[in-house]
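Engineer: Chains as they are written, first to last, in my numbering: chain A, 1 to 143; chain B, 1001 to 1116.
Everything labelled a hint here was simulated from the structure, so no lab data went into it. Among the hints, erroneous ones may be present.
[Unchecked claim] Derived pair list, reagent style BS3-like, types lysine-lysine, alpha-carbon separation capped at 25 angstroms:
| id | chain 1 | residue 1 | chain 2 | residue 2 |
| --- | --- | --- | --- | --- |
| 1 | B | K1087 | A | K24 |
| 2 | B | K1042 | A | K24 |
| 3 | A | K115 | A | K27 |
Quick caveat: nothing in here was measured; it's all calculated off a predicted structure.
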Amino acid sequence: MAALTMHYTVDGNDFTLAGDCSSKVKKSLTQLGFDPTTIRKVAIAMYEGEINMVIHANGGFIDVSIEPDKIVAVLNDHGPGIADIDKAMQEGFSTASNKVRELGFGAGMGLPNMKKYSDEMNISTKIGEGTIVTLTFYTKKIR
Amino acid sequence: MKLSEVQNILNATVLTGHEFLNNDVNTACGSDLMSDVLAFVKDKALLLTGLINPQVIRTAEMMDIETIVFVRGKQPEDSIIGMAKMKNITLMSTDYPLFVACGLLYSNGLGNIKNN
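Based on the sequences and whatever the hints tell you, model everything.
Structural biologist: In structure tokens form, the structure reads like this:
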């Protein structure tokens, strides 16, 4: 079966819209009959990534590829890049603004949560150019 | 615990989801930090929070959380209530602060959340 691919634009200017792509992907995976645990993992990891793209990187693009045994989400932004990935992966480390914190995010849990809920996470980043995060989820449980 | 019991215990106003008040809830999480909710809530839980922005609804959606109780008398905008309605998420509002609301539910038998 050929992979089903989806392409989304993440609007970096509107925090209220953050999560819209993850919501659409969650809906699609539900319609395709993936098991709820897989769907939840994909939704949460993608959502954290989408929030990061809005609060740190002024938006970008997300490409999702769905195959029966795996789901791959590539989150591509043109933000400032991540200066120290090891530090960014530490729970509690954050460069988010107070405004973002008041909204319930920016507590330094984004990347750790993405790693926690994905089976593989790869980060490619360049200062001043942007960051590409690739999340892979394996599943064999399709109806 | 039925959602109708939650409503009674917290003396809460139901903002949307009256049709789900007969549904059961097994556990709850009180937090104003959505990233923590995303990190630690495992089972389908009721969320108590003082935040009223759209990302609370989004967080609930991703986590399969079906009920949100806004504490400290917080009232979200109509657009947020509409968003929850579309996603079949029940919203309530109580005047109790977060600590008291959680304590009341816990002491009335609603379970807690096991972290990793």
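Engineer: Does K27(A) lie within 25 angstroms of K115(A) when you go C-alpha to C-alpha?
Structural biologist: Since the Cα atoms of K115(A) and K27(A) sit roughly 22 angstroms apart, the hinted pair holds (cutoff 25 angstroms).
Engineer: Check whether the Cα positions of K1087(B) and K24(A) lie no farther apart than 25 angstroms.
Structural biologist: holds (12 angstroms)
Engineer: Keeping to a limit of 25 angstroms between CA atoms, is the pair of K1042(B) and K24(A) held or broken?
Structural biologist: holds (22 angstroms)
In this structure, none of the earlier numbered hints is contradicted; all agree with it.
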